[in-house]
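We have chain A already, so just place chain B on it with the hints.
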Amino acid sequence: MNEQIQTYLDTVCQQVKYQEVHDEIRRELGSHLEEAVEKYTSSGMAEAAAVNAALTDMGDPVLVGQQLNKTHQPQTEWGLLIATLLFVLLGCWAMYAIEVGMGSGFRAGFFISKMVWSLVGLALATVLIFVDYRRLRRYSSLLYAVTLGGPAFLAATAPTANGSLRVISYTPILFAVALAGIFTDWDWNRPHALPKGMGLLAAPLLLYLALPAFMEGVEFAAVFAILFWRSRPHRQQAAAMAGVGLMGAGIAAFRVWNTSYMRYRLISLLTDPAGEGYMTHQSLLTLQQAGWWGQGMAKSLPGLPGRQSELVFTFLVYNLGWIAGAAICLLILFFLKRLVSASHSVRDSYGANLVAAISTLFAFRFGWNLLMSVGLLPMAGVDLPFISYGKQGAVQLALVGLVLSVFRRKEIIRTAALPQ
Amino acid sequence: MRIDKELLKGSTVILILTLLDRRAMYGYEMLTEIEQASGGVFQFKEGTLYPILHTLEASGFVESYWDRTESARQRKYYRITSKGRGHLAAKRSEWVTFRSAVDKVIGEGGVS
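Chains A and B supply the protein sequences, listed in that same order. The first sequence: position 2 = 2 (this note's numbering), numbered continuously. Numbers given in this note's numbering equal positions in the second sequence, counted from 1, plus 420.
Source of the hints: derived by calculation from the structure; they are not laboratory data. Where hints are given, some of them may not hold.
[Unchecked claim] Below are the BS3-like pairs computed for lysine-lysine, each with C-alpha atoms no more than 30 Å apart in a straight line:
#1 465/B - 17/A
#2 70/A - 17/A
#3 511/B - 465/B
#4 337/A - 503/B
#5 70/A - 503/B
#6 511/B - 70/A
All values reported here derive from a predicted model rather than from experimental measurement.
Just chain A, same shape as in the assembly (with noise of 0.2 Å):
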């Protein structure tokens, strides 16, 4: 292309500070340029003549640049930066009062370790907040793979369950991801489309019946339905994906119905004997005596169980009080509801996939906690995001990220492919 165009595009791009719209924008100017170029030469003028009439009729490229500059602002959504900040606060708060309350001088470490991976996970949230997380997407079926068969040899080569155990919980989030970039583009009109899609559910689904690890395998189910009716699939495919789906649910349900301890859970949250409800009672036992400022930070519960974990939302009513819990419920409706409104507006299907399956991750484990924590859900081993005590919280943090990184680019991004 001409020397002077090329300068003149330049100095436009000089003006943008966003740097991944550079390309899209010398290209729509140039072409432009180049046309109007041709018609001043068809009409006999010169070719150098040309250009200069072609760019004075573009105008001054600093001013077009500046304006440009403004239409392409990466975005932040700072609500949802603002609330999970506030989740973090949250759970060390939590942390530090349970270790007060315990007045073992913080020997059980929950403290630190909080806070440690707070920052570790604050830390991993602000690189992939600047990372362009298309790059994730050629991953997809590398990660697919990995999760599937890396927990898969683990369980069949070292038959305790413990090790494996610890993995599994992370995989639900890493098949997420993966489906999200699998699921982007899926044509559901190619041949052996359905016996794929029906694959893809079925080999995570048999791995978590066989672990057994229900509770991920719930949530792998409910990541897999979003991103499955976000791809718009036939009835008739939908309908056989819902059977290979149900059957998965029955066979869980026979098995969990075998569990003893599952199976008093269950029975438990209807009758309520002090057995394996133990948990439920006491957490809405706790919840009750809460009143609506709380009983304040030196009553530690030690009869709470998994005050630090999976009824730490309990522990914070009952310090905090009623209202302080109702305030933590809504921002976390906050939370959700600012993941799904800022979603509608990505305009890349593959960030959308992914906002998709984060938020649907989100959503299931907040709701399952809270309910449980009241006694509407079984207890079931389900910690709450980011404020609960271990290493998931920084997990979760590194997700949000994620998200962020595509709510930037939210307004930039076009679906429509570019030709090479």
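Showing chain B alone in chain A's frame:
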């Protein structure tokens, strides 16, 4: 006759959306159409068109896609969305109200 920039600024969106309502176009094409359709009255600095198009796209009123011509030139086309059609309808009625109000005031006891 040179049109005051301020007057033009307010109506560019409605001009662009009206064109795109008829068919999808690329930037250069839109400028030519506007000039022709307005009988030569509207000739604005071409560079200002693209920030407006990008803003319209960011607001969801139009969407863009790349296409190739027979001579292998790449062109970025814009087409109006249903949200854009709604916005156009709103802008149109706004314009009609504005225009008749101005006409009324000018017509009654205006200068000349």
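Status of each hint after checking the structure:
no. : hint          : verdict
1   : 465/B - 17/A  : 23 Å, holds
2   : 70/A - 17/A   : 9 Å, holds
3   : 511/B - 465/B : 23 Å, holds
4   : 337/A - 503/B : 22 Å, holds
5   : 70/A - 503/B  : 22 Å, holds
6   : 511/B - 70/A  : 23 Å, holds
In this structure, none of the earlier numbered hints is contradicted; all agree with it.
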